[in-house]
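**Student:** Spelled out, the chains give:
2 protein chains.
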Amino acid sequence: MRTKFVLIETSHAGNVGGAARAMKVMGFDELVLVAPRWPNVLKREETIQRASGANDVLDQARIVDTLDEALEGVSHLCATAMTPRDFGPPTRAPRAHFEHLLGSASAPVSPEQRPEGVAFLFGSERFGMKNEDVYRSHVCLSIPTHPQFGSLNLAAAVQLVAYDWRQALGGFGAESEASSATDPREADATAVAGLLSHLEQALVAVDFLDPAAPKKLMPRLNQLFNRARLSPEEVHILRGVAKAMLSTADKAKR
Amino acid sequence: MRTKFVLIETSHAGNVGGAARAMKVMGFDELVLVAPRWPNVLKREETIQRASGANDVLDQARIVDTLDEALEGVSHLCATAMTPRDFGPPTRAPRAHFEHLLGSASAPVSPEQRPEGVAFLFGSERFGMKNEDVYRSHVCLSIPTHPQFGSLNLAAAVQLVAYDWRQALGGFGAESEASSATDPREADATAVAGLLSHLEQALVAVDFLDPAAPKKLMPRLNQLFNRARLSPEEVHILRGVAKAMLSTADKAKR
Chain Z
1 MRTKFVLIET SHAGNVGGAA RAMKVMGFDE LVLVAPRWPN VLKREETIQR
51 ASGANDVLDQ ARIVDTLDEA LEGVSHLCAT AMTPRDFGPP TRAPRAHFEH
101 LLGSASAPVS PEQRPEGVAF LFGSERFGMK NEDVYRSHVC LSIPTHPQFG
151 SLNLAAAVQL VAYDWRQALG GFGAESEASS ATDPREADAT AVAGLLSHLE
201 QALVAVDFLD PAAPKKLMPR LNQLFNRARL SPEEVHILRG VAKAMLSTAD
251 KAKR
Chain U
1 MRTKFVLIET SHAGNVGGAA RAMKVMGFDE LVLVAPRWPN VLKREETIQR
51 ASGANDVLDQ ARIVDTLDEA LEGVSHLCAT AMTPRDFGPP TRAPRAHFEH
101 LLGSASAPVS PEQRPEGVAF LFGSERFGMK NEDVYRSHVC LSIPTHPQFG
151 SLNLAAAVQL VAYDWRQALG GFGAESEASS ATDPREADAT AVAGLLSHLE
201 QALVAVDFLD PAAPKKLMPR LNQLFNRARL SPEEVHILRG VAKAMLSTAD
251 KAKR
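Residue numbers (the working numbering), protein chains in the order written: chain Z, 1 to 254; chain U, 1 to 254.
Mixed in with the good hints there might be a few duds.
As the list makes no split between identical chains, a pair holds if one copy fits it or if it spans any two.
As the list claims (entries may be wrong) - Listed below are the simulated DMTMM-like cross-link pairs for lysine to aspartate or glutamate, each with C-alpha atoms no more than 20 Å apart in a straight line:
{"id": "1", "residue 1": "K215", "residue 2": "E233"}
{"id": "2", "residue 1": "K216", "residue 2": "E233"}
{"id": "3", "residue 1": "K253", "residue 2": "D68"}
{"id": "4", "residue 1": "K130", "residue 2": "D207"}
{"id": "5", "residue 1": "K251", "residue 2": "E112"}
{"id": "6", "residue 1": "K243", "residue 2": "D207"}
{"id": "7", "residue 1": "K251", "residue 2": "D207"}
In short, the hints are calculated from the structure, not lab data.
Please take these sequences and the hints and turn them into a complete structure.
**Tutor:** Have a look at this one:
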């Protein structure tokens, strides 16, 4: 879905760069600046530095004089503001609103009901959004922050909205879940029993376990191994340890 | 729940300030810096400027030399890294993992199953996390980013993790922070590190571990213990085993 990030009257060049980077890591590239404090902000050193490689977002970014000019192709406007306004649109947390807008797995929204395009509006660092810009929006997104410290950096706010929006759109596919390699098969109970019996001999041999007063040591180790859900390879390793203990104890007795 | 943000070998002062601010807007205040590039980083102008009022987080922040010193009171370590490591913990997206850890509305996790405290580890801006620090973690969090542009700013990564974690904890409003640090059912990471180092000596002494070719044995045992979520009493038992192994090996050499 077409997605624009619109920064209104932004005063810090670093934030423009940070916002470009924040958008790009979440796969968005349409940045519009409305009346930024520095007309040359896209070329400033601090901007480029903080963009950290998101140069294409800066290169494609548009600078316009009014919010109107920023909104072509967009049917759904999301203001962002900490404080709800009287007469304004409903205030919602981003996740809740995105679910409302796109539906969820259990209650999907049909494609026709989805908006044509979305714009996220961010006000100036010092003054936030003007009332008139909030009033024209469909919703006012309020990122849940600490009641006594809601001072979210502008680029950080862009980052959080971009993240939640990307996740709501379905994310980047099922990447990084290659955890099958780290998710070992589980050793069967026979293998664990063999290990415990081997370890028991070793623990007796090194004088840690007194066979006359075993004090639930082996059941406890058994529980520990069960919780860990040992792999066959780990059983093999631990039997190697038991063997080394036995052979050391053997030498100690000679 | 006790929550620490641990920045390891951070080089940019601005990121330390940005991280402090990002934590505080999400209601977290425990920041630990492990071997930062600038020893005076908490007092630098750029740090304070980017913290933008989160001065109490900076004032309370601790600077330590090693990761071990950062982890007291914490039983669950979350590495953050873009690329999964062999032999490392499972890689998960933050939201999925937090749901796994705390349960969801439909499938809650009981209070006893929750960890005692959590630490989020962030590597240096240039090199990310060291393998050894990833190996000791319980999970490797990978924030889903664009496959061709995963360059997430450090403070932005802190912001996203803090946000997801706060949301997983129930957001602002609900939640009572009454999870006392007393009587932990789960051993903290410092205790597990102490156990591993003791066991390592013992395994060398019984000629099971060749220090010249350690072959990932200790990271594997670390992962096994993490999965088992050792209790303090189990750490005590296993240290007793290590001690008995060392003393037997000592006799064998006489």
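**Student:** When the structure is checked against the list of hints, which entries are broken? Sort them ascending.
**Tutor:** Violated hints (numbers, rising): 3, 4 and 5; every other hint is consistent with the structure.
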